[in-house]
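Going down the list, the sequences are from chains X and B.
Start counting the first sequence at 0; every next residue gets the next number (numbering that gives the first Met the number 0).
Start counting the second sequence at 0; every next residue gets the next number (numbering that gives the first Met the number 0).
Don't take every hint at face value.
[Stated by the list, open to error] One-sided excerpt, in silico: chain B residues whose CB lies under 8 Å from chain X:
{"id": "1", "residue": "L26"}
{"id": "2", "residue": "V117"}
{"id": "3", "residue": "S127"}
{"id": "4", "residue": "E171"}
{"id": "5", "residue": "G231"}
{"id": "6", "residue": "T234"}
{"id": "7", "residue": "D243"}
{"id": "8", "residue": "S275"}
Please keep in mind that the hints were generated in silico from the structure rather than gathered at the bench.
Model, not experiment: these values are computed from the prediction.
Even for Gly, the Cβ is constructed at its ideal location relative to N, Cα and C.
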Amino acid sequence: MKKLMFAVAVLAMTSGMGVAQTVRMATEGAYPPYNFVNDQGNLDGFEIELGNELCKRAELDCTWVKNDWDSIIPNLVSSNYDTIMAGMNINEERKKAIDFSAPYTPPMPSAYMALTSDADIENGVVAAQTNTIQASHVASTGATLLEFATGEETIAAVRNGEADAVFADKDFLAPAQAESNGELVWVEGHDTVELGEGIGMGVRKSDGELKAKFDTAIQSMKDDGTLNAMLKKWFGEKALQF
Amino acid sequence: MFATCADPQTLEGLAWLMCYLTSGKHLLFYLSFGTVIFLLAITAPVALLFGFGGALASRSRIAPLRWFGQIYTSMVRGVPDIIFFLFVPIALDQGFEYLRAKVLCDPAVPIRQGNDFVVCPAAKLPLSTSAEWVHQSYGIFLAVIAFAIVFGAFASNVLYGAMNAVPKAQLETAEAYGMSPRQVSRRILIPQMWTYALPGLANLWMILVKATPLLFVLGVEDIVYWARELGGSKTSAYAYPHGDWRIYYFLGILVFYLLVTWISERIFDRLRLRLSAGQATMAGEAMRKAAT
Chain X
0 MKKLMFAVAV
10 LAMTSGMGVA
20 QTVRMATEGA
30 YPPYNFVNDQ
40 GNLDGFEIEL
50 GNELCKRAEL
60 DCTWVKNDWD
70 SIIPNLVSSN
80 YDTIMAGMNI
90 NEERKKAIDF
100 SAPYTPPMPS
110 AYMALTSDAD
120 IENGVVAAQT
130 NTIQASHVAS
140 TGATLLEFAT
150 GEETIAAVRN
160 GEADAVFADK
170 DFLAPAQAES
180 NGELVWVEGH
190 DTVELGEGIG
200 MGVRKSDGEL
210 KAKFDTAIQS
220 MKDDGTLNAM
230 LKKWFGEKAL
240 QF
Chain B
0 MFATCADPQT
10 LEGLAWLMCY
20 LTSGKHLLFY
30 LSFGTVIFLL
40 AITAPVALLF
50 GFGGALASRS
60 RIAPLRWFGQ
70 IYTSMVRGVP
80 DIIFFLFVPI
90 ALDQGFEYLR
100 AKVLCDPAVP
110 IRQGNDFVVC
120 PAAKLPLSTS
130 AEWVHQSYGI
140 FLAVIAFAIV
150 FGAFASNVLY
160 GAMNAVPKAQ
170 LETAEAYGMS
180 PRQVSRRILI
190 PQMWTYALPG
200 LANLWMILVK
210 ATPLLFVLGV
220 EDIVYWAREL
230 GGSKTSAYAY
240 PHGDWRIYYF
250 LGILVFYLLV
260 TWISERIFDR
270 LRLRLSAGQA
280 TMAGEAMRKA
290 AT
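With the rest of the complex left out, here is chain X:
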């Protein structure tokens, strides 16, 4: 009897260890088709589907957290959640604050969109979302940078004439351009600007173990072609492939 109780006690003590830790994954939820809140009020998009698959492969128990783009890196660093999947391009500046997994997209092109195809993007006013590689790029040209907290507001700024053009990920702008009945057009010669090293998952610098797990999962998805299929599903037949 005593042995039985002891065995139960040991089981109770150790069973907690076997359970996978919950990994909290942050996303912005306002950058379709990468991540957005669908009409049911749930998170949806390329990164949500990809993230869930990666967690399954890494045998992790994951939940999603919505966080504003502005504070998404500070809140990762202060451990409010454990990863970022929010269309975040890997670049040198961000690497100073956080680590990135291997990229899960090829370098995605950016594009200038405006009301006329000859909009002045060299000396005019160009809208971009704050703290994006596109914003840094605009700042490095002669144009006046107009920053907004969300991607949606950058497009609205072009529509209402506040900005001459908007500079963002092409895949984010493409649906807005296609459905504007010709109101919004690509800027001549600037509809595909190569920028960044691809999009990766942000993790804390002190969290090497988690990064390794996700790196393995991403590699396995690259190897068996599921990642390419997912890219095609969300970004169209012409999507860049690994």
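With chain X held as given, fit chain B onto it using these hints.
Okay, now just chain B, sitting in the frame of chain X:
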């Protein structure tokens, strides 16, 4: 929500609008009005309590307590609200986690690792495994504390002034009847001060109502968050594509806030009447004259 809404592309006009306004996302928007009302209902009494404590401390005969009360009111009133709203929740959150880490974690692992603030999983607050609503409520709890600290300082100043405004003669009469200082406070000072405090407190309530959009800054998904989210133009990636409708959503919020403040005005008017009865103030005097 309704069976007819299964395929929004086929809908037109009013049917489309009905389905649109009852989508899951809109229900979350309607719920967030509840969040704002709930926050107000919790914050106002807590802030009043903070204010009461601050006012009593500022009047205390014990010097350190008096200094504490005075430093609290003057410091919080002198710093921009938004700085407190950004500072208090982060400081509280990391403070709690730091203390829990000291007790629950292996002391050999540092909490500050370079740029990172990391505590062991057991010390996380709330735990990573907790449900999403726990995380949300924790965020709201931190917001309530931040609001209460800021508005408590203003309330403290209002109540301090109101306590000083109670006619000295009444307090001296109470003393002459043999009441102890504590009895004077409880029986005469505190019941009498409300009529003087009410205009100031009513003002604070209005400011508090209007300050609730700051929740949005704290990352709580309130009505401003959802209005911006729902109002932004939607492409066909969504079931209900539409243009930039932010103006309608913000108009709706504007009406909501006006309604809340209008109802509050009515309630404060009634309270004012009740509290003025029999008081040695101009309003009380006027009521006495009207009655005779």
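(request) Any hints from earlier that this structure breaks? Give me their numbers in increasing order, please. (result) 4 and 8
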